[in-house]
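So the protein lines, in turn, are chains A and B.
Here the first sequence is numbered in this note's numbering, starting from 3 and rising by one per residue.
Here the second sequence is numbered in this note's numbering, starting from 9 and rising by one per residue.
What the hints contain is simulated information worked out from the structure, not anything from laboratory work.
Some hints here could point you the wrong way.
Computed from the model, here is a short list of chain B residues facing chain A with C-beta under 10 Å [to be verified]:
hint : residue
1    : Y23
2    : L29
3    : F50
4    : G97
5    : T101
6    : V124
7    : K158
8    : G182
Far from chain B by the CB rule (all over 12 Å, computed), these chain A residues [said to hold, decoys possible]:
hint : residue
9    : K5
10   : D101
11   : K366
12   : T454
If you're wondering where the values come from, they're calculated on a predicted model, not measured in any experiment.
The beta-carbon is built from N, C-alpha and C at its ideal position, and this holds for glycine as well.
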Amino acid sequence: MKKLALPDDILMQIDKPARYIGNEFNSVKKNPADVDIRFAMCFPDVYEVGMSHLGIAILYDMLNKREDTYCERVYSPWPDLHNLMKERNIPLFALESQDAIKDFDFIGMTLQYEMCYTNILQILDLAGVALESKDRENDDPIVIVGGPCATNPEPIADFIDIAYVGEGETSYPALLDLYKEHKKNGFDRMAFLREATKIPGIYVPAFYQVTYKESDGTIESFGPIYDDVPSVIERQVVKDMDSSTYPTKMLIPFVRAIQDRVVLEIQRGCIRGCRFCQAGMIYRPNREKSVDILKEQAKELLAATGHEEISLSSLSSSDYHALGELMDFLIDDCLSEGVNVSLPSLRIDAFSLDVMSKVQDVRKSSITFAPEAGSQRMRNVINKGLTVEDIIGGATLAFKGGWNKVKFYFMLGLPTETDDDMRAIPQLANEVAAAYYDTVPKEQRQGRCQITISTSFFVPKPFTPFQWAPMYEAGEYLRRAKIVNDEMKAQLNQKSLKYNWHHSDVTVLEGVFARGDRRLCPAILDAYKSGCFFDAWGEYFDFDKWLAAFEKNNISIDYYAYRQRDLDEILPWDFINCHVTKDFLKREWNNAMNAKVTPNCKMNCNGCGAGIIGSGVCHNAR
Amino acid sequence: MRVRVKFAKTGIMRYVGHLDLMRFFQKAVKRSNLPIRYSEGFNPHQIMSFAAPLGVGLTSEGEYMDIDLKESVDAATALEILNLNMVEGLEITGFKYLPDDAEKCMSAVTAASYTVTYKDPKDDACYIENIIDLKKKFFDESSAINIIKKTKKGERELDLKPLIYRFNLIIEDGLPVYDLLLSSGSTDNIKPELVIKAFHEFLGLPEFDDLSLDIHRVDMYTGDKENFVSLGDIGNDR
Chain A
3 MKKLALPDDI LMQIDKPARY IGNEFNSVKK NPADVDIRFA MCFPDVYEVG MSHLGIAILY
63 DMLNKREDTY CERVYSPWPD LHNLMKERNI PLFALESQDA IKDFDFIGMT LQYEMCYTNI
123 LQILDLAGVA LESKDRENDD PIVIVGGPCA TNPEPIADFI DIAYVGEGET SYPALLDLYK
183 EHKKNGFDRM AFLREATKIP GIYVPAFYQV TYKESDGTIE SFGPIYDDVP SVIERQVVKD
243 MDSSTYPTKM LIPFVRAIQD RVVLEIQRGC IRGCRFCQAG MIYRPNREKS VDILKEQAKE
303 LLAATGHEEI SLSSLSSSDY HALGELMDFL IDDCLSEGVN VSLPSLRIDA FSLDVMSKVQ
363 DVRKSSITFA PEAGSQRMRN VINKGLTVED IIGGATLAFK GGWNKVKFYF MLGLPTETDD
423 DMRAIPQLAN EVAAAYYDTV PKEQRQGRCQ ITISTSFFVP KPFTPFQWAP MYEAGEYLRR
483 AKIVNDEMKA QLNQKSLKYN WHHSDVTVLE GVFARGDRRL CPAILDAYKS GCFFDAWGEY
543 FDFDKWLAAF EKNNISIDYY AYRQRDLDEI LPWDFINCHV TKDFLKREWN NAMNAKVTPN
603 CKMNCNGCGA GIIGSGVCHN AR
Chain B
9 MRVRVKFAKT GIMRYVGHLD LMRFFQKAVK RSNLPIRYSE GFNPHQIMSF AAPLGVGLTS
69 EGEYMDIDLK ESVDAATALE ILNLNMVEGL EITGFKYLPD DAEKCMSAVT AASYTVTYKD
129 PKDDACYIEN IIDLKKKFFD ESSAINIIKK TKKGERELDL KPLIYRFNLI IEDGLPVYDL
189 LLSSGSTDNI KPELVIKAFH EFLGLPEFDD LSLDIHRVDM YTGDKENFVS LGDIGNDR
């Protein structure tokens, strides 16, 4: 029988013990004695969230294709288990072998959102690895992070040995080869890390020095301390999605994961250029997979997993060039009985409604729009190329097709937002409700239509045209939510409308981390030590502890979140080259201030800088 | 046509709950390409049902699931393919076509047999020298075993005796091993820990902990006291 790291009495008292036993179908079994490199791949959140992440599935498969490497998985133990592991000194283990990850060569973590930063520390703490990079010795694992938040790794610079900037498919082979070579010839941690900086996309924070201006605390200089360490890190991008590695099977968790389905990535990047969206900028250029490859992968993955649902994944599925052909194939040729298709990120038009009516129960499902802003002026500021006619027209088509539930997503606190822009949100929802009553005759209605409005608070992110924008204090966000709520109650169709909004404290904190620098590290460390973790989970988020940690370390929220940054200020992430140039971002910031729309990449090249990669939409256009 | 699949759930799979196990089997059947029948309607699901669910922490070599097939397949081949789609701790041990009038395994169950041991060889019960004699007094020579059973609605008095069809106790390597056959199913479902708890109270042992027992289900039966038939003995290979 397979051994387990946790004793029976612990497994019998914690919630969902199957999170911690491994043994999932399609998980990889290797003999650790047969490999040179042991890699613990971690998603620093609970199992059900982490098991749903496509990036890890890709890297797990890719690394395990190497005979010299055994990549295993690790997720954050839920607080119930966390406490027991601390009490009994049980070191954190990998799911496959159940071995302690302290003895591994690498601990890799993907950073999908800022609120997981304390969970990085939880992982290291439970593993028994020094929390700060400077305290780690030769035989400790190399701690490497990746994912979207690694495009500004500075707030966690002290905790990591390496930030891998960009898409994991490209530079991992070279990094692992280098590691193996160093391990063979008597491993010296610093020597390895120094050599690693010569591999594209590899950033080692310890080799860089920052100075700050005495006048206002902004960055005066940022650069490497050695001549042979690069001063600019180029974000890594897969050039050809068709030939790039993709798993032919996926793990089947026992505990139901958030994504309990096949996830098929149809393209990377987005042509749209919404000015608030980090993914839309850093994943440029938009690179599509060919439809023949996707058909093959869909078939293979359904057969290898037995999933009864397949979901197409991308930032904007409607923009995929052959969506019609792919959907026809999935519905007609590929989907045997009982298998369903789900399509997130669709633009609502006649085509998508037709597809949706084929794959879901119209009466039960809802139609989702993400206009992000209520007024046309505001939508032009954020470059969301969606008109009120698009929205009402799409909703009317949906009502004719039998739907009567519509969900809307908006953001509050966008740059230049006025009270009128806020009030436009429920007004738009009201118009949509009116369209329902105009479209659907009384005798065909199944009660009222349900229009749900959700707002989140806008957080400016690095490498977007809004990276210089100020945020607002928590109270101001709530004031804005109240304006929306009051206006909703004044609408004629208010009984058909429902409004949800988010908590604002966590938004402010997210804003501090997103554009933070390495001076935040001691505060994050103190917050963890005072009991903060699982900050992304409302029930564990404790803002007062964070405020105390900030105060102790002289961190001003005002400095990180609320101030308008100067366009010429050196930003903490300026040393990373995401291909999208700062000139382009500045141009886009100015266009935003003038509410001027910029056409999408398929209509017109706007010279963002990503063309230098020579692939995807930039290449095809030429 | 209906098929009864028999399987064992052992080792670390004891920590996987019933709902998670059902989802695992849906996917395993799909991977195996068995011609399973789906329900009608907008959200079709596989026609599949399980006999009495096994609690988390228990192991078993006598679990059953009934599935509906659109056409017949070779039983031996199907069993082999299903096993290729299992994980460590799950093994398919039977695949039989059911007669048309066979009751569904879920409602057919009337009894289940268990082997029960103590996880800790130093458990208080392991030090009682005349435990076999005491067991005779507790079970073989008693006319009733009255306990208070906690239910969702409150507490009720219950006589366990007629619901325990077999209660053997042997000493193996110096440690007590219980062999039980208990009433099971939708009406009088008696869990083995309930019986051992009552025995512990009879022995005058201090507070009883469900988790101190290793419980292994051996098989499930249909029929009545006079004639129990294993759920796995019903049906044929073709």
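Evaluated hints:
At a threshold of 10 Å, the smallest CB-CB gap from Y23(B) to chain A is about 4 Å, leaving the interface hint in force. Taken as an interface hint, L29(B) checks out: its beta carbon lies about 8 Å from the nearest beta carbon of chain A, inside 10 Å. Because the beta carbon of F50(B) sits about 4 Å from the nearest beta carbon in chain A, less than 10 Å, this interface hint is met. The interface hint given for G97(B) is met, as the beta carbon of that residue sits about 7 Å from the closest beta carbon of chain A, less than 10 Å.
Taking 10 Å as the C-beta cut-off, the interface hint given for T101(B) is violated, the closest approach to chain A being about 18 Å. Against a cut-off of 10 Å between C-beta atoms, the interface hint on V124(B) is violated, since the closest Cβ of chain A lies about 15 Å away. At its closest, the beta carbon of K158(B) sits 19 Å from a beta carbon of chain A; the interface hint therefore is violated under the 10 Å criterion. Against a cut-off of 10 Å between C-beta atoms, the interface hint on G182(B) is violated, since the closest Cβ of chain A lies about 22 Å away.
Distance check on K5(A): its Cβ comes as close as 9 Å (rounded) to a Cβ of chain B, failing to clear the 12 Å threshold; non-interface status is violated. Non-interface call for D101(A) relative to chain B: holds, since the shortest CB-CB distance, roughly 15 Å, exceeds 12 Å. At roughly 8 Å, the least C-beta separation between K366(A) and chain B is not larger than 12 Å, which violates its mark as non-interface. With 12 Å as the threshold on Cβ separation, the claim that T454(A) sits away from chain B holds: the shortest Cβ distance comes to roughly 22 Å.
Of the numbered hints listed earlier, those contradicted by the structure are 5, 6, 7, 8, 9, 11.
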